[in-house]
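Trainee: Each chain, written out:
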Amino acid sequence: MIPAAFDYVKADTLDHAVQLLAEHGEDAKVIAGGHSLLPMMKLRLAFPTVLIDIRRAADASYVRVEGEEVAIGALTRHADLVASDVLAAEAPLLAEVAAHVGDPQVRHRGTIGGSVAHSDPAADLPSAVLASDATLVLQGPGGRREVKAADFFLGYFETVLSPDELLVELRVPRTGTGGWGYEKFVRRANDWAIVGVATVAGRVALANMGNKPLRAARTEEALASGASIADAAALAAEDTSPVEDMHANADYRRHLARVLTRRALEAAAARP
Amino acid sequence: MTAVDMPRGSILGTRVQRVEDPEFLTTGAVYTEDLTDERLTGAVRLTYVRAPIPHARIASIDTSAATAAPGCVAVFTAADLTDVPEAGPAMPMFPAPMAQSLLASGTVRYVGEPVAVVVHEERYDGEDLAELVEVDYDPLPAVVDPRKAVAGETLLFPEAGTNVAMAQPPEHADDFFADCEVVVTHEIVNQRVAVAPLEVRAAAAVWSDDRLTTWIPNQGAQGSQAAVAGALGLPKEQVRVITPAVGGAFGAKFGADPEHILVGWVARRLGRPATWVETRSENMVGMTHGRGQVQTIAIGGDRDGNIKAYRLDVVQDTGAYPRIGAVLPTLTLLMAPGVYDFDRIETSFASVVTNTTPVGAYRGAGRPEATAVVERAIDLFAAEIGMDPAEVRHRNVLPAFTEPVQSKGGALYDSGDYTMALDTVLKAADYDGLRREQAARRERGDTKLLGIGLSTYVEITGAGMEAGNPRENATVEIHPDGTATILTGTSPHGQGHSTVWAMLASEELGIPIEKITVKWGDTDLVPEGGGTGGSRSLQQGGAAVKQAAVELVEVARGRAADRLEVAPEDLVVDHALAGLSVKGVPDTGISFAQLAEDEPLRVRTVFSAPGATYPFGAHVAVVEVDVETGKATLERLIALDDAGVIMNPLIAEGQRHGGLAQGAAQALLEEVLYDEDGNPTTTTFADYPIVTATELPSFELVTTETPTSYNSLGAKGIGEAGTIGATPAVQNAVIDAVAHLGVRHIDMPTSPMRIWSAINDAAGAAAGEGNGN
Amino acid sequence: MQVTITVNGETRTDEVEPRLLLVHYLRDVAGLKATNIGCDTSSCGACTVHVDGESVKSCTVLAAQADGTSVTTLEGLAQGETLHPVQTAFRAEHGLQCGFCTPGMVMAAASLLKENPSPSEQEVREGLEGNICRCTGYHNIVRAVLAAADTMAGKDATGTDASGSDAEAVTA
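Protein chains in written order, with the UniProt record's numbering: chain A, 1 to 272; chain B, 1 to 773; chain C, 1 to 172.
One chain only, chain A, in its complex shape:
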């Protein structure tokens, strides 16, 4: 299938991209790897009139330690996250989760910024970013602002990003190599999660249990107050309203959330 026609402009830097966004207004879409946007355009579910290609903005692909945080450029590809020594040592959850995104070809193109900004509740990285308590750096015409991951996602394909803003960096606390787990439940390896659970440092986030990635607050509270993993995990589906689709009804998704949360927490406990 063929996308509807559009104009195409290329940004050399993030500043240039923001400038182009301001120029072209709400009908413009930013494209990086394009593996979320282009399929929607081909299926004619999205019709941007201008595409702003930021993929080769030179200043936005990196993973580096900055103080107590790891800073990740928004254009860092999934394949680069998987291969990052910095992430392996300082925030391995993100590397592991990135390895579950799509397939090798997708990971060669897709970027963490694109995946997070797309805000698909079934995607892998948004829940991992949420569990990581990441700080997201957004850049607009007025400069940069920071938003916590917990405040970033609003719903299906909806975030606090305004039309003239760009997600440019993600910062996550350095966790060392321990205390994390990721459970993705799929029928086929390269599918979207039917339910996904990411946990690190006692935080637990759920994929595909609502219209956006969710923190399992009741589980986290129980863990904090000393409950067993089993007891805490049993609360994982509280306050969720999961969708029903061909793979799972709501009851089954809640059940999976509890089982997978327990498994993720057990994996985290086994990685001291």
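It should be emphasised that the hints constitute simulated quantities derived from the structure, not laboratory data.
Ideal Cβ placement from N, Cα and C applies to all residues, glycine included.
There could be a bad hint or two in this list.
Ranges of calculated distance between the beta carbons of each label pair, as one might list FRET restraints [as the list claims (entries may be wrong)]:
id, chain 1, residue 1, chain 2, residue 2, range
1, C, 28, B, 514, 32 to 40 Å
2, B, 514, A, 13, 56 to 64 Å
3, B, 30, A, 143, 51 to 59 Å
4, A, 143, C, 28, 30 to 38 Å
Once you've looked at the hints, dock chains B and C against the given chain A.
Mentor: Showing chains B and C alone in chain A's frame:
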């Protein structure tokens, strides 16, 4: 010492690498969309406007905006098709009103039905222009569930007065189960699946010199020619069909669909060459689907495991317009008792129309449905009497036979040894060891339970495409330069005929396979042929090649006897020479090439088989079921398939692997879904879970070769065995994994949610009993 | 708009529509028709090519996005007359039937082996998770990739065949 005296090993039965492959692996094959034929220069492109709702009357179609748009050449609707014959039903046995016209006329009956065609200059304009065609629909109630369609409350074709396209009504005897201690009944769904060859449908056409030449990826050019000529009202001779490389077919590329046919019509109407290639999203609703049966079984016998009576009633979903899918239940019924020696069977079917994509053939075509349901029935019976399913099978399979045996389903099984197949595969799988491992895991309360599933099958191959005995033609010609050409009426699309047909000729003639070219798929070159399907090709097309080569040797013998002035009977085939020489006198020979110098050395022959052949086998599947999530993972698939004598094990194994994967995929993953209003919900490869490498293990093949006497090769068909044996083995394994929890049946695909629900339901039922209700 | 792309070693500049997909650029503009299209949703991998040495799905990349890159298709994988070990192994192990997925599958496998030269069977299966084959059941594809890995590592690939095929292979 000359080579003549050297002992020579046969090429048959060896793992010859395919001669097709170098092209595939370097430049890629030339599929329809890759054609660069100069006759197609400047071709227009076709894009179809398809029905977005499942059942509606077309109130109006406004093509003006599209027609006026830049890049549009023309837009056609049914109203423009005044020069084609009125459409009749796809097969003469269907009610006359159940006919699909080339473009929907008056009523649309499934999402995806072609309503109009936009003809345009550039590929990228097609979808934009199609969006400009405005069609107003008056919706009608849709029928989606075939069980409801039977009742006929809503009719798709009111003039027909029924939704039943074809049927064999049940005749249930009151005393059918009278002598049975145990009778188990169950409804079992053999779900609708997408055929999904990786190459979607396409066509190209040119009208010149008052004749249509059309390129269609198909399974038999001659059948496609008949379909195109019939639909356009042309004599067969006025239509030439050429088959480019075909990117998979699996039963769904026989004949021609309306979309293929209209490419030729447009080419003639506009006087310009025309091409069409659909998208995957179109393919998922436009290409025929497979399977789609609701089966009700009753199986009865005694508590010693002897099954006496088996009843199978089938409702076949044919989709909106009955095609071959409506007929396939006859094969299901024919093969209903499978390998078993039941005392009596009763069968019936009703094929009904629904507001869904038409159903056609899919690898196995009617036989997987028979095997799946009888193998489930055996397991249900075994569970009911508490006997190991392997033991129940043992007690009920037909004893070994070498002379044809009449089955209770009405088939004439040619040769088989089902006990041997079962015993051999059980041993290969270490069945007893698996059962011990299963028990140990249950004992320990493991999360990952082990399930072991069996199936024992017999299937029918080479049943013939036309009336009369199955037959196929072949031509072998040797050229003066020492090369040879084979023309075949079969039509390979992955099965390696170029290699194996060359091997068969090489075996008789001594010409090396790299000097033999196999041609097919051009109705001018090969006017007759049955194509490739129903696992017929080797046993008929291959046998014809051998027969032609043998006959060609006789023609050559006559010529050589004259030339060498010896008695014909003194001449023997000299493989080293690729010719004939005098018995016991080396260096006296003459090559076939020399014998072709003065007049063509060419034989066309028709091989005719006494009947269909019946390959058989037994499969064991081992699955792990995560009892907490319900997810089943296929760990092992051990397959014994006996299709008679194997010509090329490399290729035969490949056929089995592919079938096993598709069979396992039906059991675990794949299903075409519609919502209750008739809207398809699995219309892309993102939604329809085609099996990938990560869900499959390496397969364990066990091979036995029980020859058939029906052809000189001793070969039966191998192409569909995998799908027939694997599906019930895997399904049975999944259910077996959770059988101790009280689960007796889970419909396919055995999705995690279905397994989880089945475990819960069984637990709920057990709790209910425990509460003393 | 104008794009300059090096395709199989040859740099070319073409005027293209912004929405032109890389796969159509390769097939219709550059005339390289090995790369096939099997789906609309980046699911099947038939269109896999290498961009700057890495596997990508060319149906989900705009030609515009490939501006300035180097693209390799199946046609450019062999070094002159010398086939890539993956090509050779696919034939030896019968890793293809209808051939439609083959160009993408071979390119995906070559990229996989570049990143992981000695994969386990499981790693091969996971490495090919983005490529659908409807014919082979993947069995011989996996064998072929493992055999190619052995060849590339300088190991003798014969005799290590786990499929139990002990008969001598005959090369036509």
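Trainee: Look at each hint and say if it fits the structure.
Mentor: Evaluation of the provided hints:
At about 34 Å, the beta-carbon gap between residue 28 of chain C and residue 514 of chain B stays in the expected band of 32 to 40 Å. Under the hint 56 to 64 Å, the C-beta atoms of residue 514 of chain B and residue 13 of chain A, about 58 Å apart, fit the expected range. Taking the beta carbon of each, residue 30 of chain B and residue 143 of chain A are about 57 Å apart, inside 51 to 59 Å as hinted. Take residue 143 of chain A and residue 28 of chain C: their Cβ atoms lie about 44 Å apart, and the range 30 to 38 Å is violated.
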